[in-house]
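Asks: Given these sequences and hints, build the entire structure.
Listed in order, the protein sequences are those of chains A and B. Sequential numbering of the first sequence, starting at 16, is according to this note's numbering. Sequential numbering of the second sequence, starting at 8, is according to this note's numbering.
Each hint should be verified, as a subset may be incorrect.
Away from chain B, derived, C-beta distances all over 12 Å, residues of chain A [as the list claims (entries may be wrong)]:
id, residue
1, Gln52
2, Ala93
3, Leu142
4, Ile192
5, Leu304
6, Glu305
7, Glu423
8, Ser427
9, Gly450
10, Lys689
11, Asp757
12, Glu777
Here are some of the chain A residues that sit facing chain B, going by a computed Cβ distance under 10 Å [to be verified]:
id, residue
13, Arg239
14, Ala247
15, Leu256
16, Ala264
17, Glu271
18, Gly348
19, Asp550
If you're looking for bench data, these hints aren't it; they were derived computationally from the structure. Note that beta-carbon positions come from the ideal geometry of N, C-alpha and C, so glycine has one too.
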Amino acid sequence: MSLTITELPHKEQALFRTALKLYEVKQFKKGLKTCDQILKKVANHGETLAVKGMFLAHLDRKEEAYEMIKRGIDISPASSISWHVYGIVCRFDENYAEAAKCYEEALKADSENATILRELAQLYTQLRQYQKAVEVRTRILKINPDTPQYWLGLAVAHQMTGRNDLALNVISTHEHIVLDEGSPFKANNSNYRCDVSELLMYKNWVMELTGDYQMALDNLKEIRPRITDITAWKEQKAKLLLKLDRKEAAASAYQELIERNPDSNTYICGYLSCNGLDIGRAEDRDAVLEIVRGLQQQFPASSALKFLPLTFCDGDDFVKEADKLAKYALRKGIPSLFTSMKTLYENKTKGETLGRLVEGYASQLRDTKRFDDSSEDEPSSVSTWCTFYLAQHADYYGNHERALQLMETAISASPDTVDLYMVKARILKHAGDIGGARDVMDFGRQKDLNDRFINTKTVKYMLHNNEVDEAEKNMVLFVRDDASHKIQEIVETQTIWYMRERGHAYRRLGDIGRALKHFHQVLDSFKTYHNDQYDFHTYSIRKFTARAYVDILEWEDRVFEHPMYVDSAVSAIGCYVELHDRKAAGAPFEPVPVEEPKKPLTRNGASKSGQHNLAAGVGEAKPAAVDADPNGAAFVNAPSHLESALAFVEVLEKSVGSQAETHVTAFEVHLRMKKYFLALKSINLLRAIEADHPALVPMVVRINAALDADASFAAPMKAALKGQLAKAFGEVSIAATVGGHDTLLPFALAGARGLVSLGGGERVAQAKEMVMQAAAERFGESRTLENLVAARDLLAKSGASESERSAFAAEARKVFPLATCF
Amino acid sequence: MITIRQAKAGDEIAMQNCNLTNLPENYHMKYYLYHLATWPELSFVAENEQGRLVGYVLAKMNEDMTTTPLDGHVTSLSVMRSYRRLGIAERLMNQAQRAMFEVFDAKCVSLHVRISNTAAFALYKKTLGFDIDHTEAKYYADGEDAYSMKKDLTSLYKFEMDSLDF
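Replies: This is the structure we're talking about:
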């Protein structure tokens, strides 16, 4: 840190330097005392006030900290130290944008400060302002041209702005510092060989990115003696040869790679493309099959090669290959055989063929104890695995009763095989019997109490069945015994699947507060994932692992696309919208009260009741200090539910704007916030993704109705919006759209939802009528379990009477006879 | 039926999920990133036909050692239960071990296993060829002892020299 401290007497100057040193060794309390000592003598020393603020921030006295720093800056606004300190504290609070501004201010008074520049470069990288990162790193390099950290960091920044040429230039100019015989980086560096290898492989990659493949290939030959990452070198060789259309050499390179890893689909497909063959082209299939069979002979243990032919073969070839693989898997007792085959079932013929094939085996084994083409009896387990396959096959086609019958046969033959119970449970889930599914999964769990996998599945199924307490009781069985608070530990370890399932369970139970709390836990985990990259901006460069570093940057750019994030965000938004609507209707949701503290949960703690206790989660019995908000009251009492929701809407629009659901969700918030142009944008974006999306017409009708009802919205803008809508959609009505898609249940559901939102006795009655018919024959396959459950919920919202709901339930049970959810 | 490849940043969340699903020893995301940023060549994943991660090995070099060359170390290895009998653990370990040898000059690889975990012990001893090196008392957070197991790599791989004639 710059030591341009002004106007302090000698003794206090020394104390100030001490304070800064104390910060570096994280002695915050001592540092605070030191600052106070200075301030006793020099009461309003700006820089000392700022540094004192920095210590306060690290002692969790945030408000005071910021006050102190701001005071310090007011007093010495041109002080580099004060602004630097402010920047550090903002950065500590993950407020990177503010921090960057502070650092820029700090630079004004101290423009050659390498520390400030370095940290600023890090901030700009975090903020993805790569051009600014380039500028700052260029400045650092002028001051300090030799340290690899700086020039390699600059190279990466150039790459990220798309200037691979400049990146290459920087590396080529400076690499000698590391590569030369007698380089200072060799001494005392046991990792020198690896550092060199990483640097050279990174440079080669950047060459490839410039498009000059020949240069890259020549360079690849040159650098081989110094490379330790042999696999990457060989991959680069194969890739570059293929790009240069040197097919024969590339094929031989891919062959070498396959020898090292015969289970790599990438290598195998690379090899095939060297032969000018395309798996997707029908004319090439015979040639591809011949090659693959050749590879199979060479690498008989390869798992990837066993399955590959089934993906592109047809007719007799397909049967032959499927027969080979199926017999192998059934004999070996591979539980995932059907899961693998399932990917082929999109092709109706293949699915049916496989079913017939395994049925054939089943009868052969029943009649003769052996396969037709075999001279020996098969062990009885093979027959059980056949039955297991056929059960999953039946389940795939919705024949749940047959599937369960088959599972019973398999289970009686092999009652201790846990896989059987897991699949039986899944079949019951598909059939709509969540309670039955959960019981079977738990039964399977009892067979192997040491296995966390089956425990995880059981907990999940319990949560699906809304048994929050029971699920928690089982979940903590595998949480570290020495965790001070087991539930906190689950959050600490970022067990996002559990938080999300628990959120959904609470939502189904109507406890919006707790639901929101858990969805926020997932969302916060992702925020942490995103912030985790910060330290790697310096760390990775120092370690020379630039290739892996760029991979991390690119992943972080997409991290909010993850389905777990999207689902939690959409759910949280839904909760906020519901809270808003209830409040607007005069019946606000009240956070469900927390019960009196019970005995804290231990590893062997037994729970008396398995039923959900709406008042409190079992683990929330610990004192308030650990869980500051057990029932999600903070979220429920947020000043503006819509503002809270909007934050997530914006992330979704940015990260998964290509998904239809994003805009369906966003619309709900924009409309309620009366941001009609944004609502229209959602409609247009949705239309661009799916012109005939079920939610579109209801959205158009609703925005028109809202515009009509909004007296305060300026008339010319209203007219413009309505004009655009009319031009794009014409005259639309929900009834007409639903009628025009009368074999597709999603349209009836979206239409009903729209009508309920519009409100009014007549419309709600109309909605009810639409939904009452949800189980009708004409909806055919669109009567999925999910859709019928949605219909059930909509009926409740559209004022259906007890007898009407029973009537619907009876119809739904005709479609799903085993379901318990109607 | 499965494909094996080097772990990338995009696999981290799935690896963490696989770990949390199967094992009681869990880690923060940052720790996974730390592995990837320090020893990117050593971790591998197994993917099924649907592109889902069904197994992983998270590996590193043992920086706690005071002598070089460092040993390779398996931080965590796990395969989803429903993907047994495919030899996934072996396939993952083969790739990781070769990388330890080639990239970081490791002469052997070590790992820890609970002394009560007979299934894992059998996997390491019989299938993967590890032997007990010593016992570490109270290694695990709950106080259980661990076997520190080791496997020699020098007899498995040779240094390859590539022909530059291409």
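Asks: Next step is simple, just say for each hint if it's right about the structure.
Replies: Each hint tested on the structure:
The Cβ of A/Gln52 lies farther than 12 Å from every Cβ of chain B, with a closest approach of about 37 Å, so its non-interface assignment holds. Taking the minimum C-beta to C-beta distance to chain B, about 37 Å, the non-interface status of A/Ala93 holds against the 12 Å cut. Every CB of chain B lies more than 12 Å from the CB of A/Leu142, the least distance being 19 Å, so the non-interface label holds. In this structure A/Ile192 is separated from chain B by more than 12 Å, as the shortest Cβ-Cβ distance comes to about 22 Å.
No Cβ of chain B comes within 12 Å of the Cβ of A/Leu304; the nearest lies about 18 Å off, and the non-interface call holds. Taking the minimum C-beta to C-beta distance to chain B, about 21 Å, the non-interface status of A/Glu305 holds against the 12 Å cut. Non-interface call for A/Glu423 relative to chain B: holds, since the shortest CB-CB distance, roughly 20 Å, exceeds 12 Å. Distance check for A/Ser427 against chain B: the nearest CB is about 21 Å away, which clears 12 Å, and the non-interface claim stands.
Every C-beta of chain B lies more than 12 Å from that of A/Gly450, the closest at about 23 Å, which supports listing it as non-interface. Listed as a non-interface residue, A/Lys689 keeps its Cβ farther than 12 Å from every Cβ of chain B; the least gap is roughly 37 Å. Look at A/Asp757: its CB is around 34 Å from the nearest CB on chain B, clear of 12 Å, so calling it non-interface holds up. For A/Glu777, the requirement that its beta carbon stay farther than 12 Å from each beta carbon of chain B is met, with the minimum near 47 Å.
A least Cβ separation of about 6 Å between A/Arg239 and chain B falls short of the 10 Å threshold, and the interface hint therefore holds. About 7 Å separates the beta-carbon of A/Ala247 from the nearest beta-carbon of chain B, less than 10 Å, and the hint is met. Below 10 Å, beta-carbon pairs count as interface contacts, and A/Leu256 has one with chain B at about 7 Å; its hint therefore holds. Given hint, A/Ala264 at the interface with chain B, holds; its Cβ is 5 Å from that chain's nearest Cβ, closer than 10 Å.
Contact between A/Glu271 and chain B, as hinted, is supported at the beta carbon level, the nearest pair being about 8 Å apart and thus within 10 Å. Look at A/Gly348: its Cβ gets to within about 6 Å of chain B, closer than 10 Å, so that hint holds up. The criterion of a C-beta within 10 Å of any C-beta in chain B is met by A/Asp550, whose closest approach is roughly 8 Å, and the hint holds.
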